[in-house]
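Student: Residue-level listing of the chains:
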Amino acid sequence: MNARLFALLLTLSPVAVNAADYGWLGEAASGFATPKPGAPILFPQDHAAHPGFRTEWWYLTANLTGDDGKSYGAQWTLFRYSLEARDGSGWDNRTAWMGHAAVTSATEHVFAQTMARGGVNQAGVDNPPFRAFIDDWFFEARDAQFTAGRLHARGARFGYTLDLTRSGPFVLQGDKGYSRKAGEGQASHYYSQPFFSVDGAVTIDGQKIHVTGRGWMDREWSSQTMAPDQKGWDWFSLHLTSGDRLMLFRLRGAQDYRSGNWIAPDGGVTQLAGEDIVFEPLDHTSLEGRALPTRWRVKVKSRNLDIVTSALNPKSWMGTDFPYWEGPIAVSGSTRGEGYLEMTGY
Amino acid sequence: MRQICWTLAALASHWRKHPANLATLILGLAIATALWSGVQALNTQARRSYDSAANAFTGGKAQNLVAAQGGLFAQDLFVALRRAGLKVSPILEGSARIGKKTAKLIGIEPLTLPRDVGLAPLAGNRSATGMLTGDGLSYAAPGTIRDLGVLAGERPLTDAGFKLPPLVALSEAPPGAIIVDIGVAQKALNRPGRLSRMIVAPDMRIDATTLTEATDRALRIVEPEEDSDLARLTDSFHLNLTAFGLLAFLVGFFIVHASFGLAFEQRLPVLRTLRALGVSARALVAAMVIELSAFTLLAGGAGVIGGYLIAAALLPDVSASLEGLYGAQISGALTLDARWIISALAMAGGGALFAGASGLLKTFNLPVLSVARPIAWREAHRRYLARQATFALLSLMVAVLAGYFADTLEGGFTVIAASLLGVALLLPLALEALLRIGEALSKTPLSRWFFADGRQEIAGLSLALMALLLALATNIGVGGMVEGFRHTFIGWLDQRLVAEIYYEAATPHDAREIEDWARKDKEIVAILPVWRSKTRIGDWPVEVMGMTPHTTYSEHFPLNAATPDVWRMLHEEDAALVSEQLARRLKLSPGDSFDLPTTGDSWRLRVAGIFPDYGNPKGQIRLDHTRLAQHFADASGIHYSLRVAGDATTRVMTRLQETFGARIARIVDQAEVKKISTEIFERTFTVTTALNTLTLVVSAIALFASLLTLSNLRLAHVAPVWAIGVTRDRLATLEMLRILVFAAGAALIAIPLGLFMTWALVDIVNVVAFGWRLPMHIFPQHWLTVFATAQVAALVAGLVPVRRLARAAPAELLKVFANER
Amino acid sequence: MCVRGLSKSYATPQGPLPVLRGVDLTLEAGETLAMMGESGSGKSTLLHLVGALDDADAGDILLDGVNIAGLPENGKATVRRETIGVVFQQFNLIASLTVGENLAFQSRLANRYDPDWMARLTQRLGLDNLTGRYPEQLSGGQQQRVAIGRALAARPRLLLADEPTGNLDEPTGDAALALTLELVAETGCGFLMVTHSVRLASRLQRQATLAAGTLIST
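Residue numbers (the working numbering), protein chains in the order written: chain B, 89 to 434; chain Z, 98 to 918; chain X, 714 to 931.
For the record, the hints were derived by calculation from the structure and aren't laboratory data.
Small disclaimer: the values here were computed from a predicted structure and weren't measured.
Be a bit skeptical, because a hint or two may be false.
Here are the simulated EDC-like pairs of lysine to aspartate or glutamate, each with C-alpha atoms no more than 16 angstroms apart in a straight line [stated by the list, open to error]:
1) Z:114 <-> Z:362
2) Z:284 <-> B:172
3) Z:619 <-> Z:744
4) Z:631 <-> Z:320
5) Z:912 <-> X:767
6) Z:540 <-> X:814
7) Z:158 <-> Z:300
8) Z:772 <-> Z:640
9) Z:184 <-> B:134
10) B:124 <-> B:224
11) Z:912 <-> X:829
12) B:296 <-> B:196
13) B:319 <-> B:332
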């Protein structure tokens with residue numbers, strides 16, 4: 089899902105910086121590659137960065153259960169964005185890197201952010217085997233095939249090291265990896281790996297807990313900003329008890345743009361039409377002066393899916409440079425399950 | 098209220114009739130305030146700049162990491178620390194010449210820059226976007242941009258030919274600094290891959306062990322407190338400025354006091370009439386207080402503006418000397434500060450109230466009916482002289498006591514202030530005596546009258562003359578100190594700077610290679626490593642420098658005091674040369690022992706000698722080169738001096754630069770070092786001299802104002818003599834002569850007083866403030882100049898009033914005889 | 714002394730204000746003349762002009778045949794010093810000098826100091842014991858006597874007095890005038906006194922009255 093990618097672009101949009109002063113936006117519009125329908129996505133090559141595109145991210149969320157019987161969630165994200173199409177080596181590199189990490193429990197939500205410049209080896213992505221890193225945080229594959237991997241991040245109050253084992257194929261989202269975001273053609277290249285089993289430890293305030301669970305990796309790259317009328321988005325990644333996985337999103341604009349993919353337990357993918365999906369916010373949580381829908385009713389009509397998602401911790405607020413809500417959710421209703429929800433633009 | 102209003106109107110009418118008196122009053126108060134607030138503005142500005150500079154990298158609480166041995170370090174260390182999870186941000190500082198100005202170039206990395214240090218506005222995405230796209234951006238404080246003579250949006254060109262990104266004003270930028278991206282800084286300074294420091298995110302604390310593990314002793318932690326040395330080191334400089342401001346205020350205050358006194362005397366009949374008409378003493382005093390407040394606002398306001406202008410004019414010199422002496426960058430653009438304005442107005446109000454206090458008190462106790470008897474001036478004069486003498490003696494006693502107990506800067510200034518005041522108060526008595534002698538010696542009736550009448554004039558002019566005396570004495574005193582310093586300093590520099598070339602290698606490794614190369618160069622006679630380290634004794638920063646056994650030192654290095662075999666002792670024993678400042682602070686004499694904290698344990702050393710180290714705010718210790726290296730593992734191996742044969746300096750420098758390029762961080766020849774050093778001191782003293790001159794001008798204005806207000810009264814004294822048959826020209830000449838005699842008297846007394854002041858400055862103030870004692874020099878030709886200045890000041894001040902007398906229409910003089918008087 | 718067609722006006726914001734409009738007056742040596750008139754009639758102005766203290770607009774003032782009206786500043790000063798003695802209502806002694814010095818001041822300035830005459834004058838004025846004092850230490854009558862003595866010490870050809878007794882009580886004033894007239898007779902100089910007291914005026918040989926700048930009776 090490219091929602092977070094848009095978030096990045098938002099920070100660089102004229103809202104944030106005075107374009108008249110810097111004049112980089114017009115320049116930037118040209119010079120970057122545009123996602124094209126039908127462009128093949130290849131593994132392991134596409135685990136690497138795509139410098140021709142303006143922005144890109146490596147992302148992993150995990151729904152975990154601790155030895156203490158409690159539920160936890162973990163998030164690891166590395167964003168890459170090009171400040172301008174021109175690039176160089178050393179400090180002349182025009183890539184910015186940003187890492188976000190969080191650990192969520194029913195009572196705590198702790199997060200951290202770190203940033204880096206490209207070109208000096210403070211952050212980057214090696215491949216193959218795949219290894220994304222920023223500072224001492226990393227997300228790495230054991231081998232080129234990514235049969236297993238490891239994830240590490242650390243903040244002032246928390247840290248985690250998680251071992252990943254892959255049990256299914258990589259999945260192309262949207263239309264064979266080409267994911268539309270609006271009616272006017274904004275799109276990204278998008279693939280996922282929703283079949284990770286996780287085993288590791290999280291530490292919160294010095295307390296170390298052994299955890300196991302399921303992970304979901306997202307990879308996305310693009311160059312385009314949101315459609316002008318779009319204010320934000322709601323994104324769901326769900327592991328259902330049936331073994332199916334589900335990715336759904338809507339972009340809130342003059343007209344909502346809805347999309348999703350149904351992923352069968354064997355990795356077979358079906359793209360869902362917008363009309364097929366129904367989102368209905370049920371309860372709101374007030375955070376930082378905004379009201380965020382932390383309980384949802386979600387339907388996929390063609391699949392007779394009618395579920396309610398509720399947040400493990402409704403206060404899963406990522407108070408980073410561009411703030412958003414991201415946290416583990418539980419699924420109930422026509423089926424049960426778990427997953428992650430991200431909401432921006434509230 | 099009605100009562101007060103009408104009383105106020107009646108009182109105010111006086112000023113319409115006596116505009117000169119009013120002008121003097123306002124001018125005096127305004128000038129006093131201006132000089133005081135000007136100095137305060139400079140101090141405030143400087144302190145603000147220190148804070149801004151200190152906060153830029155620490156925000157008051159962030160640690161910094163620097164190369165353990167000084168100089169620059171590799172940027173790989175930054176990456177290594179980040180990859181180890183330590184939140185550090187790279188900085189490269191250096192200086193760049195832009196046109197005639199030197200700017201501090203600071204390279205930052207916006208994405209990793211912590212959000213709570215002084216440079217925080219440059220942290221994060223937004224600033225990264227600005228700095229890293231298109232031409233990029235440079236940031237500097239608005240004042241710095243003005244100082245550099247460029248406009249916001251322009252791209253400054255460094256003398257090295259590097260075009261910096263377009264400038265944007267950023268008020269948080271430290272004064273004198275241009276902030277650019279780290280990559281830009283490395284290019285502009287030609288230091289690829291090098292850093293000068295790292296800022297540690299304030300929410301993270303790094304301890305020495307972690308750092309050692311991560312960087313293998315390459316780096317050292319600078320705790321945020323260490324940077325506050327700047328404020329402490331510059332304290333004495335600011336106290337000096339403040340003292341001058343106070344002195345100037347005092348001189349201005351004399352004017353105010355004089356004009357208030359005069360106004361009170363002149364308005365006495367009006368006051369009596371008002372009281373007789375039923376105005377209560379309370380209402381009268383209230384009206385006068387309101388009047389006083391109006392003056393305070395008016396004059397204080399003008400003074401604040403004047404102070405601003407004075408400060409703005411002096412700021413370049415003040416900041417140049419602060420930078421030269423202490424490495425402190427001061428913003429070149431004055432910022433107005435509400436607190437400063439209020440304090441200036443308070444000073445004006447306080448001064449006005451104090452000056453008017455006696456008048457107010459007298460008004461309050463004014464009897465409604467006064468016995469109409471002619472003022473017995475002779476008796477009043479005697480009382481006045483007795484009072485002056487009493488206060489003078491009291492002041493002088495304070496001076497003696499302070500001198501006896503003074504070992505602080507405040508004490509030193511008390512000695513000076515009290516003795517200045519004491520002698521100033523004695524001035525009328527001295528002039529009285531002078532005139533009595535003149536009277537006794539005079540043969541003709543006119544000359545007798547000349548002296549006799551002069552005695553009567555003293556009381557009216559004494560305050561102005563005292564102000565003149567103070568200004569002249571200060572001029573001689575400070576002038577003597579400054580001139581003496583210049584003499585000593587230049588002589589000392591000549592002795593101290595014997596080596597022909599001084600250079601700093603980029604790294605210890607480069608230093609070794611340069612050393613090897615230099616050994617083979619036939620024109621290089623000696624290579625003198627001057628390795629250095631830093632330590633603290635007590636809480637005082639101390640530089641530690643190495644010396645190799647060489648005749649350059651043993652034959653030339655100036656020493657104040659030494660053991661008989663100082664050089665042998667230095668190189669063969671655990672011994673050190675200690676700077677005068679440090680020796681004084683630690684109360685050390687040659688032969689004494691002291692403990693020096695080293696990178697290992699503390700090291701017991703004997704004092705082999707004490708050397709003068711003028712201008713260094715820190716302490717300094719000179720050790721044998723080899724011993725230094727043994728005890729200070731972190732000694733920078735990059736500083737060297739070279740002795741060169743004959744006239745080879747330029748050739749050797751060129752060869753060095755051609756061979757090693759950027760591996761030599763800095764290289765200067767002897768002449769350049771001397772030039773820089775003397776320039777710094779010239780600028781320091783420019784400030785002193787300017788304040789001095791201003792004080793003198795103020796005192797001339799005081800004299801002028803007093804003469805002008807007196808000239809009406811003088812008419813009554815002169816008219817009878819005119820009526821008896823002395824022409825106005827003759828009388829005017831005599832009046833002028835009298836003023837000149839007074840000024841001459843003041844100047845004559847000012848010379849010994851000024852000498853005393855020089856002594857106090859050199860022997861008490863300098864020693865406490867800077868830790869060094871200068872030999873006292875005497876400059877008789879300077880006295881002549883001051884004497885002439887006094888005469889010129891008096892001539893200028895007297896010209897208008899005396900011309901007025903010479904041109905007075907007979908009708909004006911006849912008014913004296915008119916019945917209604 | 715001979716005054717012919719003397720005119721003087723003062724500049725005022727409303728234009729020139731004539732004070733004297735062609736005054737003719739003669740006073741022989743040894744003659745005493747009282748000049749009377751209301752306030753503002755011009756009598757003080759006439760005295761100032763005759764005393765070479767002010768400049769006339771028109772007319773002549775002949776003293777011993779010398780026209781002082783046309784003299785420059787220097788000449789006037791010399792005339793004041795050597796030919797004229799003036800006594801003012803306020804006495805206008807020089808406060809910084811002693812009585813003795815005040816008495817001798819003008820004669821010394823004029824280089825006509827005569828110790829014998831000085832001594833006699835001092836004695837006649839009853840100031841023998843007061844020469845060491847300063848003016849402020851004297852009574853009004855004593856101060857006036859010092860002023861008279863100072864004016865006569867240089868043996869002027871003409872003595873001028875402007876309300877010389879105006880500040881004194883009647884008996885003291887009368888005594889001062891009597892003494893003055895005695896000394897005038899002794900030195901043989903002319904004496905012109907401005908007064909508005911008919912009683913005092915009557916003690917002089919001649920009386921004249923000024924009204925609106927014109928001499929109306931002699």
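Student: Give a verdict on every hint.
Tutor: Tested hints:
1. Z:114 <-> Z:362: 14 angstroms, holds
2. Z:284 <-> B:172: Measuring from Cα to Cα gives roughly 20 angstroms; hence the hint is violated.
3. Z:619 <-> Z:744: 13 angstroms, holds
4. Z:631 <-> Z:320: With Cα atoms ~15 angstroms apart, residue 631 of chain Z and residue 320 of chain Z stay inside 16 angstroms; holds.
5. Z:912 <-> X:767: 12 angstroms, holds
6. Z:540 <-> X:814: Holds, because 12 angstroms separates the two Cα atoms, which is no more than 16 angstroms.
7. Z:158 <-> Z:300: Since the Cα atoms of residue 158 of chain Z and residue 300 of chain Z sit roughly 9 angstroms apart, the hinted pair holds (cutoff 16 angstroms).
8. Z:772 <-> Z:640: Given pair residue 772 of chain Z, residue 640 of chain Z is violated - Cα atoms ~23 angstroms apart, limit 16 angstroms.
9. Z:184 <-> B:134: 30 angstroms, violated
10. B:124 <-> B:224: Violated, at roughly 35 angstroms.
11. Z:912 <-> X:829: 35 angstroms, violated
12. B:296 <-> B:196: 14 angstroms, holds
13. B:319 <-> B:332: Given pair residue 319 of chain B, residue 332 of chain B is violated - Cα atoms ~30 angstroms apart, limit 16 angstroms.
The structure fails to meet hints 2, 8, 9, 10, 11, 13 from the earlier list, while all remaining hints are met.
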